[in-house]
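> Since the structure of chain S is provided, determine the placement of chain D on it from the hints.
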Amino acid sequence: MTINRNIAFTLLEISREFPEKAAVSCGADVLSYSKLVSVVCDVARKLAPALQSGRCGVLGSRSIEACVAILGTAWAGGTYVPISLKYPEQRLIELLDLLDLDALIVDRAGIRLLSDAVRAHCPRLVLIPADAPGEFVAETAGHEVAPLADLEHPVFVSEDHLAYIEFTSGTTGKPKGVMVSAGAVASYIEAMRGWYDFGPDDRAAETCDITFDLSVHNMLMTWHAGACLHIMRPLDLVAPARFINKHQITTWLSVPSLVGIMKQTGKLAPGSLPSLRISLFCGEPLPLQVARDWAAAAPNSIVDNIYGPTEATIACLRQPWSGQGVETGIVTRSRDIVAIGDPYPGMKTMIVDADLNPLPDQVPGEIALGGRQLAEGYFAQDALTAERFPTIKGERWYLTGDRGYRDADGIFHHLGRLDNQVKVNGHRVELEEIDMQMRKAAGTDMACAVAWPVAHGSAQGIVGFSAGGEADADTIRGNLRDRLPPHMVPSRVHVLDALPLNGSGKIDRKALAVMLDDNQAQPELAS
Amino acid sequence: MQAENLKLVRDTISNILVDRGQPPEFNDTESLFDSGKLDSLAAVNLLMTLESEFGIDLSDPDFEITQIDTFAAIMDLLRENAMA
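Residue numbers (the working numbering), protein chains in the order written: chain S, 37 to 563; chain D, 170 to 253.
Here chain S stands alone, though its shape is the one from the complex:
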């Protein structure tokens, strides 16, 4: 018999086993597994008659409603598409036009963004929160609701059904929608359950926005185990230690940057996080010191590093780091970061040169990934999909754009990016996308963005440069705010007389970064 790969499938089984157990909690609101299934099924019944492409947008994050919207879409046999609450109006409209959604589901934060201009681009069916947590109503009356009998179980989907589409920054200025199949998600979950004994007594933290695929791990690993997901509201991120202790969190997955916030506010004392037993980091290089500080703060927890792009479903390499006070993990010495280890079951990794030839051990090249967790490609971008997912010797691979090497023991190491993609406080950003908007905003071709300062392969911020345009720094930043999400808007813009060029006549980003290092820029500073 073929298995139902619906990501909501095990929810039904778990709710029968633990009907009264808490499934998800946010602030003062808690939903039990039986209640969760009931509201999820209700959303699915509202969505089902509208499904054609299957794509349902979820404009929300960090709320019970966002979780119910995701599960309800899955239950109905759809594909959920998280839409960032941080998008400016114009970007939101462009995305809605591109996606051609069957329905849009918004949480309380999402409603705020439905301006008249945005509404004009929304699908006919818009679900908005009702009074009780997790309940929704259709914004306009008269929509058909599917009979309960049709949706008592999550709709059957096979391995190749698209579970979700996650958007990331794209070099051409168009965000890239990574299409991930239900089979890829199932493969990830199976691998993780083989290593980690997530159980019904666990209390997990949702550390991420739903636009970041670590949220898929946090949601699904928790609900597959019958555990409870405690959603961190934006203010909780400021004091994660307080949140962990208040809710006695036992399992954790976040970007290392979040630990940076804790260190900044002095909240990562040794022994201060005794409830944790599984701590995972992903999404950025894991600095040695962060791993050590966390292990000291959480003495009862293992600390592991997992690596992988959205294009290979959450993570697909793993390097165990420490447990019971013993550091057993491998370190990438040249970077002072934890290594990325070896591939998940069903996944393959190789290092290739620019002509896609495999390289021997110890020789750095591009990290290529293959296997069951590979995404189906980019939404409505076939040329880009063909370029990034080439067939090499008869097999499909994904070229990560990450530089790395395999050591003599077969362990993989990450050495940063080959291109201009950077991580800014955990957000994946293509500098070319900012460049393009900078040129428009500054009214000159001599404009670009530099990730600066950079530590352990993660950028702390973005600085913009322009020369020869009419616009001053404030005007440029003002224009950028209308076009880019906040994390992509340069925190400073320097208007110079000229920009340095490299040998091939391109704007020399490295020279600009050095200029910032040397503090030579005598700018017209925008605060």
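Hint data in this document are derived by calculation from the structure and do not stem from the laboratory.
You may find that some hints are simply not true.
[Unchecked claim] Some, not all, of what chain D presents toward chain S, calculated at C-beta under 7 Å:
id, residue
1, Asp203
2, Ser204
3, Ile225
[Stated by the list, open to error] A few chain D residues facing chain S, derived, Cβ under 8 Å:
id, residue
4, Ala172
5, Leu175
6, Lys176
7, Leu186
8, Pro193
9, Phe202
10, Asp208
11, Ser209
12, Val213
13, Leu216
14, Thr218
15, Ile234
16, Asp238
[Unchecked claim] Beyond 12 Å from chain S on every Cβ pair, some chain D residues (computed):
id, residue
17, Asp188
18, Thr198
19, Glu199
20, Phe223
21, Gly224
22, Ile237
23, Phe240
24, Met244
25, Asp245
Everything numeric in this text was worked out from a predicted model, so none of it was measured.
Virtual Cβ for every residue (Gly too), placed ideally from N, Cα, C.
Showing chain D alone in chain S's frame:
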């Protein structure tokens, strides 16, 4: 609450909003962070200001982080702190 304190907190929030690409105006009872309007780094900036300018002790176990979600709540917090 002294007028200059009010102004300092209001300006700090306005600056953060502008920095994050939003108009500087906000209502006293409007949710700043829980609504998704501002992110956690913005909250850190605001907390740092409250700590350095008003002596709010963030490590105090009684300090409830949700108390900084609205301008009105921050004002209450500062008033209580001034009396303590």
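> Against the earlier hints, flag every one the structure doesn't satisfy and list their numbers going up.
3, 4, 5, 6, 7, 8, 14, 17, 19 and 22
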